[in-house]
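Engineer: From first to last, the protein sequence lines are chains W, X and Y. Take 1 as the starting number for the first sequence in my numbering and just add one per residue. Take 1001 as the starting number for the second sequence in my numbering and just add one per residue. Take 2001 as the starting number for the third sequence in my numbering and just add one per residue.
Treat the hints with care, as some may be off.
Listed next, the in silico BS3-like pairs over lysine-lysine satisfying Cα-Cα at most 27 Å (straight line) [claimed, not checked]:
#  : chain 1 : residue 1 : chain 2 : residue 2
1  : Y       : Lys2038   : X       : Lys1157
2  : X       : Lys1568   : X       : Lys1462
3  : X       : Lys1149   : W       : Lys332
4  : X       : Lys1275   : W       : Lys182
5  : Y       : Lys2154   : X       : Lys1149
6  : X       : Lys1790   : X       : Lys1437
7  : X       : Lys1103   : X       : Lys1149
8  : X       : Lys1275   : Y       : Lys2056
9  : X       : Lys1003   : W       : Lys70
10 : X       : Lys1440   : W       : Lys201
In silico negatives: residues of chain W with every beta carbon more than 12 Å from chain X [what the hints assert, rightly or not]:
#  : residue
11 : Lys157
12 : Pro299
13 : Tyr302
14 : Glu350
15 : His357
16 : Glu369
17 : Leu387
18 : Glu392
Read the hints as simulated data drawn from the structure, not as lab findings. Model, not experiment: these values are computed from the prediction. Ideal placement from N, C-alpha and C gives every residue a C-beta, glycine not left out.
Listed below are the residues making up each chain.
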Amino acid sequence: MAHILLRHRDIPDINKLEVYRKNGGFEAFKQVVTSMKPEAVTEVVKASGLRGRGGAGFPTGLKWAFMDNKNWPHYVVANADESEPGTFKDREIMENNPFQFLEGVAISAYAVGAHAAYVYLRGEFWQVAAFLDERIEDMEKAGLLGGKLFGTDYELKIYTHLGAGAYICGEETALLESMEGKRGQPRLRPPFPPSFGLYGKPTVVNNVETFTNIPMIFSKGADWYKALGTADSAGVKVFSLSGRVKKPGNYELPFGTTFRQLVYEHGGGIINDRPVKAIMAAGASSSIIKVDDKALDTPMDYASVRTLGADLGSASVIVIDDTVSIEWVISKTVEFFKHESCGKCTPCREGNYWMMHVIERMEAGEDVEANTELLLSVAKQMQNKCLCALGEFATMAVVSGIERFPDDFTTSSIGGGHA
Amino acid sequence: MPKQLVSLIIDGQSVSVPAGTLIVDAAKQVGIDIPVFCYHPKMEPVGMCRMCLVEVGRPVIDRVSGQPVIEGGKPKIQFGAKLETACTTPVSEDMQVVGMSEKARTGRKEIVEFLLTSHPLDCPVCDKGGECPLQNLTMAHGSSESRFKFDDKQHQKKHVPLGDLIWLDRERCIQCARCIRFQGEIVGDAVLDFFRRGRATDIVTYSEPGFDSIFSSNTTDICPVGALTTADFRFGARPWEMNSAASICTHCPVGCNTTLNIRREARSDGNMVIKRIMPRQNEQVNEIWLCDKGRFAHHFSASPDRLAKPLVRTGELVTESSWEEALNLAARSLVEAKQDFIVLAGGRLANEDLFNLKALADGLGGKAALYTHMGGGYLTTLAGVSMDTNFGEMGAGTSILVAASDLYNEAPLWYLRIKQAAARGATLILAGARETKLEKYAAHVIRYAYGDEAQTIKSMQKSKAGQAAAEALASAQNLVVLYGSDGLGLEGSASLAEACAGLLDMTGHAGKPGSGLIGVWPHANDQGAWEMGFQPVADLAAEFKNKLVYIAACDPVGDDPALAEALKSARFVIVQELFQTETTRLANVVLPAQAFTEREGSFTSGERRVQRFYPALPAFGETRPDFSITASLAQKAGLELEGTSALLIMNKIASKYKSFEGLSYARLAEVREQWPLVGRGDIYYGGAIYANTQGLGTRLALLEAGSLPGTKPVESKRPSESELLAIPVCKIYDRGVTVLPSTLLHPHIGDASVSLHPDTAVRFKVQAGSTAQLTVNGTAYQVKVLVDEKVPASVALLPRSMGIPINTPATISLKAA
Amino acid sequence: MRVFEPLIELARGLGTTFKIMLEKPVTVQYPEQKKPVKPRFRGRHVLKRYDNGLEKCIGCALCAAACPADAIFVESAENTDDVRFSPGDRYASTYEINMLRCIFCGFCEDACPTEAVVLGDNYELSFTNRRDAIYPKEMLIEPAPAGTLPTPQKVPPGLYTRSVPEMKDPQD
């Protein structure tokens, strides 16, 4: 099947404007601006069943429909702060298929009546930002951005904005704070961005991959898109496969593909053909799935993964084989979250710091059993108390790891590390 | 417009509160404590500390009908799976909040444990220990054992001066951001912020010099831990060891309510001393805040330089004497002078002192005058503000005009409250010759040249900028006009007052409740003096000649050395003072007075609020209260005045002056419940601020205005090409006798300085930062030159009370030293 | 027989006398002789020092707060590394106990977070006027251990940052 999102894999040089246009690029945007009312655009997206690809899976069309029409101007922000360990899909899209992404942003901006759209990139993506700036310039030169688009009164500008490199800025309200020049810390919610977003104005924040889906929905129709994937999770998804597989990388597959297909058919199986021990389906913020045949045959869509006690999230599938100690895995995730905690709310700020120390003591061989119990207790103590979801994410691997893999937390197994 | 009421149940108690109220506030209103660290009732909620976790149940809404589901006659309530933060959740109809359940209590206990993991637990050496929300809430909600290993604690600097007044202990900080938010939201001096993230989050200051705000010390009151402490009180005493007395701040006309904390101190030879000054809540006056000057400039009362015994001069020889001898001598001279005497009173005196001084002058046929450089006060007694005016409640519909006043320096709390009134929607109009700090919040700014103050107000419509402002004034429901003496002397300010009163009259606001004229006086009780009929005199030198001069609580010679000759020409000089001053050095009799910290009395604030202060310290040496000294003197001169009890004098004031009618000490001591609740039990909620149990004071009644008297227009001084006009301005930290003994403030006081526009500096060939020679009235002074683009051209801004005599605009000469 | 009765009584009495004469005396010749006190005896207070000579007292005044007789007065000041009395920021610049007020209850010991104030063995308290009953810090503090300098000491910077040491459960 031809790629829908990773079209550069089928069409060389699609990151050049003329190539993209030759392949139907910006036809959707033109059609939308010249022939559709903004509300109708949102309706199409609703009908397509598209859900946010950033991790939460919120229906995209519904989010657009929530925009407060009594408060103007409106903004569109693309969340390109791709910071989740194990996620590397947005970068590939932006580097190789930038116009499809930007066209999606443009259609979205038209749908909500925004005249300015921003691409917020993590600080480390400065090269991607420079590249996108050039592509935006290409579009401006070609009359695809700016005033009087396609002869209508609609005008749109797209800007890139670089963050300073913080995981928390992938949280949409922290992202908005950061864009406003403040500390990247999450806001209280509600109000949500569609009513109180950038500079207090209604704002759509969507993931890069979400936007990239949009042009195809318009060129091929909502029904076509809805037919892909499963009933609950429409369309295709870019799965970032990493860990102990032979062929890690991005794989664009319809929702509903099973873990087994991803790992064995696409990922080429496990290094040294060892058995799969565990899978983290949503990067470092996942619950760790204990893998058996049933788990391997579970289709990857939002609802089915939940039956395994985990979330699909941004579909960054990290595969762990039996050479890796789960204790080592959670020491890495906790270290990550301790480093990335923004410090705004108490449980996340103090809890991660504490968990790190407990793990250090544990790894030094200090009363492993009691420290494991303490670690689990601290993680549970953080749950349901944090200001934003990232504080909760920090506990996922810890709680699931200890509860599902108790054997990795014994005196003899500590320090097993990884192969 | 009254907000719709919402009914809900919190821990079994029914509550009805306006829609939009947060759960934590609703609970507080019925006496239920929901613990908080980051939430503060004066600031927007942030939900950072997560301490206020409660279970929240809401009625189940039927999806089809949109109506609440009824079960057994009651709406069916569904509780969320998660605990919610009470400080960020507004109430809703039929909500049920449970704060006492096992789940909620466990949640809080766990948050306390988290907070303590990074806390050094050094309560024994912490200045906050004993009045610390973290300590209290740990006792109430925390666990008695720690699962966190002490060795894992992060060690950080414990002694970081944010500025020279406030110190930060990085270990104790719990990152609640109350200080940051106070500076940003309430003061508008956003000089603090967080630095770094996660567990490494620190409070830092971005200003130069550090923590550059005159409200900095309030952050120590609202800090829920001992992270921020004042340099003044560092290790001064434990909170429980100190006694407290209610008082009123005397540094400006706002009249902030304070509590003096006192303790016997070995360092001070075993005397009782003031250890610190804390704000005392009065939502009508200072809310729960206090400026740094009010908090730190208290050391004068314990200064060893105070006068302890009466002094008597024989020829050139000045000797200490007994009260009897000094009073006899003074009284004899007073009798001999017959009606040829003048009483000159300073605005630092209490109402009771002023009453006796006036009674003495009236009774013996002399003249009573107020010593001030600012006129027009009688207009505030006729068109001043009355009962219904409260900056804290002003918002849309109210216009506030500030003319010729730099409130940030002259009356800090008014600056703070007017800034917030503007944020709530009041229209703020500033008329000034130079840019002041409040301008950022003004809807209209009217700029004039120094000398045009009164004219500008009178003919506001004529200028383009003024027109919009004039419309805002005329259409306002309530109009409050504040006028000051920035660049004005006695005549100029009187003229401005008249223009302002005229404006109130013209727009139909004079005598209206909620509107009125406020003088930004140089002293705490100038208003009281005006209310009792004191008037300033234009030519002091002429008044002194051949008369007996009885001076109380002012230093005319210190302010203007030219008056020394005039005072020498007086037939006899009696001075009542705290310290030796230039004036006391020329006196025949010096009578040592008690500071306001040692006696009872009352002040009348610029907003015409009469407020009581109480004795906190024993009398210094042999000093006596001013009213008592005057009464003794009067008695020896054959006039009976009340001199034993301030309370009885207040009764007399009430019966004599119409505006004071009905006032008594009992009425001044009345209190009502104020919102938000602050004080001991609620320390975590509002801060360590004292609750007001000793009196909120009472507003004076408005006199019937009738027609407002006019003054003759004054010729304004204009500089010629070659001259330089010195403009007297106010600097918050000056060299006044009540400020200078606080050595802590010396870096803020600095040297005498003059501010010039860069062009003016070039014209007079002086450089920024250099020392120049400034000559005023024939005397040369060394001053530091400051260059500032905001200063108008051809004028030199010269702060008052900085060692250079300047009360009215005067021509000076300036050259490089 | 009646004649002997007094003699028997006399003999019995003398017997007791002689018996006691041979026993070890229970009285001691105070003040030449002094009896050792019990381990938990509560005598005059001593302010303790660490082995390096620094004072344990940090001037927190919790003893004064705990004192039911209001006998203790503490005033504190700030340490620097150049002029250091005790570890941490704070030390007692004034420490006085009024021995006329003190009831030797030992609450001050319990309250002390650094085990600085200890009720010692000394019970020989006498004074001839009320002022002398106030024992200042100089009288209460124990001498610096041999080989250490008296306070204040000049110490290397950054070495003594912690006011309250890690405490173990109290032992006799």
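Engineer: Each hint: holds or not?
Structural biologist: We went through each hint and held it up to the structure:
1. Y:Lys2038 <-> X:Lys1157: Since the Cα atoms of Y:Lys2038 and X:Lys1157 sit roughly 45 Å apart, the hinted pair is violated (cutoff 27 Å).
2. X:Lys1568 <-> X:Lys1462: Outside the cut-off at roughly 49 Å; violated.
3. X:Lys1149 <-> W:Lys332: 21 Å, holds
4. X:Lys1275 <-> W:Lys182: 39 Å, violated
5. Y:Lys2154 <-> X:Lys1149: 31 Å, violated
6. X:Lys1790 <-> X:Lys1437: 11 Å, holds
7. X:Lys1103 <-> X:Lys1149: Satisfied, since the Cα-Cα distance of roughly 26 Å is no more than 27 Å.
8. X:Lys1275 <-> Y:Lys2056: 26 Å, holds
9. X:Lys1003 <-> W:Lys70: 22 Å, holds
10. X:Lys1440 <-> W:Lys201: Holds, at about 24 Å.
11. Lys157: Check passes; 30 Å lies beyond 12 Å.
12. Pro299: W:Pro299 clear of chain X: closest Cβ-Cβ about 27 Å, beyond 12 Å.
13. Tyr302: Answer for W:Tyr302: holds, closest chain X Cβ roughly 19 Å.
14. Glu350: 4 Å, violated
15. His357: Given a closest Cβ separation of 4 Å, the condition is violated.
16. Glu369: Non-interface label on W:Glu369 holds, nearest chain X Cβ at 15 Å vs cutoff 12 Å.
17. Leu387: 6 Å, violated
18. Glu392: 10 Å, violated
The structure is inconsistent with the numbered hints 1, 2, 4, 5, 14, 15, 17, 18, although it conforms to all the rest.
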